[in-house]
Structure formats: C-alpha cells, structure tokens
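Chemist: Spelled out from the first residue to the last, the chains are:
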Amino acid sequence: MIKVLFFAQIREVIGCDKVEIEATTGLTADALRKQLVERGDKWQLTLGEANVLVAVNQTLSGWETELSDGDEVAFFPPVTGG
Amino acid sequence: MGVVQTKDFDVAAEYAKLANNPACGAVVTFVGKVRDFGDSKNVSAMTLEHYPGMTEAVLEQIEVEARARWPLDDVTIIHRVGDLQLTDQIVFIGVSSAHRKAAFAACEYLIDFLKTRAPFWKKETSNEGTVWVDAKDADQQAAEQWQR
Numbered sequence: 001m002i003k004v005l006f007f008a009q010i011r012e013v014i015g016c017d018k019v020e021i022e023a024t025t026g027l028t029a030d031a032l033r034k035q036l037v038e039r040g041d042k043w044q045l046t047l048g049e050a051n052v053l054v055a056v057n058q059t060l061s062g063w064e065t066e067l068s069d070g071d072e073v074a075f076f077p078p079v080t081g082g
Numbered sequence: 001m002g003v004v005q006t007k008d009f010d011v012a013a014e015y016a017k018l019a020n021n022p023a024c025g026a027v028v029t030f031v032g033k034v035r036d037f038g039d040s041k042n043v044s045a046m047t048l049e050h051y052p053g054m055t056e057a058v059l060e061q062i063e064v065e066a067r068a069r070w071p072l073d074d075v076t077i078i079h080r081v082g083d084l085q086l087t088d089q090i091v092f093i094g095v096s097s098a099h100r101k102a103a104f105a106a107c108e109y110l111i112d113f114l115k116t117r118a119p120f121w122k123k124e125t126s127n128e129g130t131v132w133v134d135a136k137d138a139d140q141q142a143a144e145q146w147q148r
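Protein chains in written order, with my numbering: chain A, 1 to 82; chain B, 1 to 148.
Watch out, some of these pointers could steer you wrong.
To be verified - 27 Å max Cα-Cα, derived DSS-like pairs, lysine-lysine: (1) Lys-41/B x Lys-7/B; (2) Lys-41/B x Lys-101/B; (3) Lys-33/B x Lys-136/B; (4) Lys-18/A x Lys-42/A; (5) Lys-101/B x Lys-33/B; (6) Lys-41/B x Lys-3/A; (7) Lys-136/B x Lys-41/B; (8) Lys-101/B x Lys-18/A; (9) Lys-7/B x Lys-42/A; (10) Lys-136/B x Lys-42/A; (11) Lys-101/B x Lys-17/B; (12) Lys-34/A x Lys-3/A.
Since the hints were made in silico from the structure, they are not lab data.
All chains, please: the whole structure from these sequences, using the hints.
Modeler: As structure tokens, this is what we get:
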C-alpha cells in the first residue's frame, strides 16, 4: 500500500488528512494525483490545479517519480512558513 | 539544530547558548513574529501547520548547506506550530561564527531557504474569517539569489 498525506488547504477542502492506495506497477506521482482527482469535485478543485507540490518519502519530488509499495506520498500547496 | 515546537522560545536563553563558545566572535539572530497584516488586513491570530518528519529533515538539510558555504560554529533553528496570537514569536534563527559577515550571511540564507523549502503553512485569522497565506514570489526570488 501507498500512504498518501494531505496538508493545509488541500486537507481542509477535501476533509481528509490521509488515504491508502494500492500500489500498481509503474504508478507515478502524477498518475496517483489524477486517480485521486476522480474522487469528486473537491479533489479536482485542490489536486487538479497546477499549484500543487508532491513529496515522496518526505523529499520534494517530480511528478514523473515512480511509486513503490510502502512509499509515503504527500500533496501540499507551496510552503509559507517563517 | 532544527526544532519544531508549539511552545514559545526565550531569545535571551537561545542567545546565551550560541554565545557560550569562546571561539565565536559574532552571533546573528533573527526572530519572525505574527503581525497584524499579511494577505488579510486586521490579522488577529494565526495557525501554523507542518509536515512532521519532512520539516525536520529540511531544516537539517539547509543547515548542512549553510555550513558548507560559511565557517559557522553553532546554528539554532526553532519554528513554532499551532495557534499563535498577534505579536507572538514564530521562528528563531541564530548563527554563531568567528566572523560577522559569515554569521549575517548564513542567518539570511537560512531564513530565505526555510521560507521556500520547509513544509510549514500559515493560516491567518482576521475579522473577515480565516485564509491560508499564499506563497510569495519575493520569497522565491530571495532564495534564488543565493544560487547565482
């Protein structure tokens, strides 16, 4: 399984902080995002926009990154700390 | 050393720890605070969220990068999360070095990269409700300047 985490406005709008997705061969971060977008309007609204970042195993990653069983994937907006 | 915590920090105590090294001739500190304006006007409070695990790793990484660029003695990064009120302290960065220029530069480098790479998100509360703060181009440009 792949653990998927959501932060900030993404978490707030979809009303969910994590889901588990079955790992499939060749699944990329972008394919996972598109799979989640199909869950409905709120998912499309947050994960469908260009301004979303993805981290794989707690490292900021590219959308083409291939995912494996046991990975932790996080979707979040650009950071605003400090 | 990078720490994420809900509780406040004591600037004098953090300074004392940084200044304790007899080889250190310069200490530079930065404190970020909750102010009454941002993306919203009349901000009265703020909530900070982070990504546990990744945040600490990023803070460690930017410290490693700063140490590779300048001769530094001690580095302290403290970032608060949770609910904060107007004038509350949000972030502390302290750097000690034998030389002032290295300490000044490293402190600025650390806050520039913290603001663009560390997974923290701010939500402002004002009399119009709550709003997530947008990332700023100016912060991105400040971080990019170090790569030229």
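Chemist: Hints numbered earlier in the text: which of these fail when held up against the supplied structure?
Modeler: Violated: hints 2, 6, 8 and 9.
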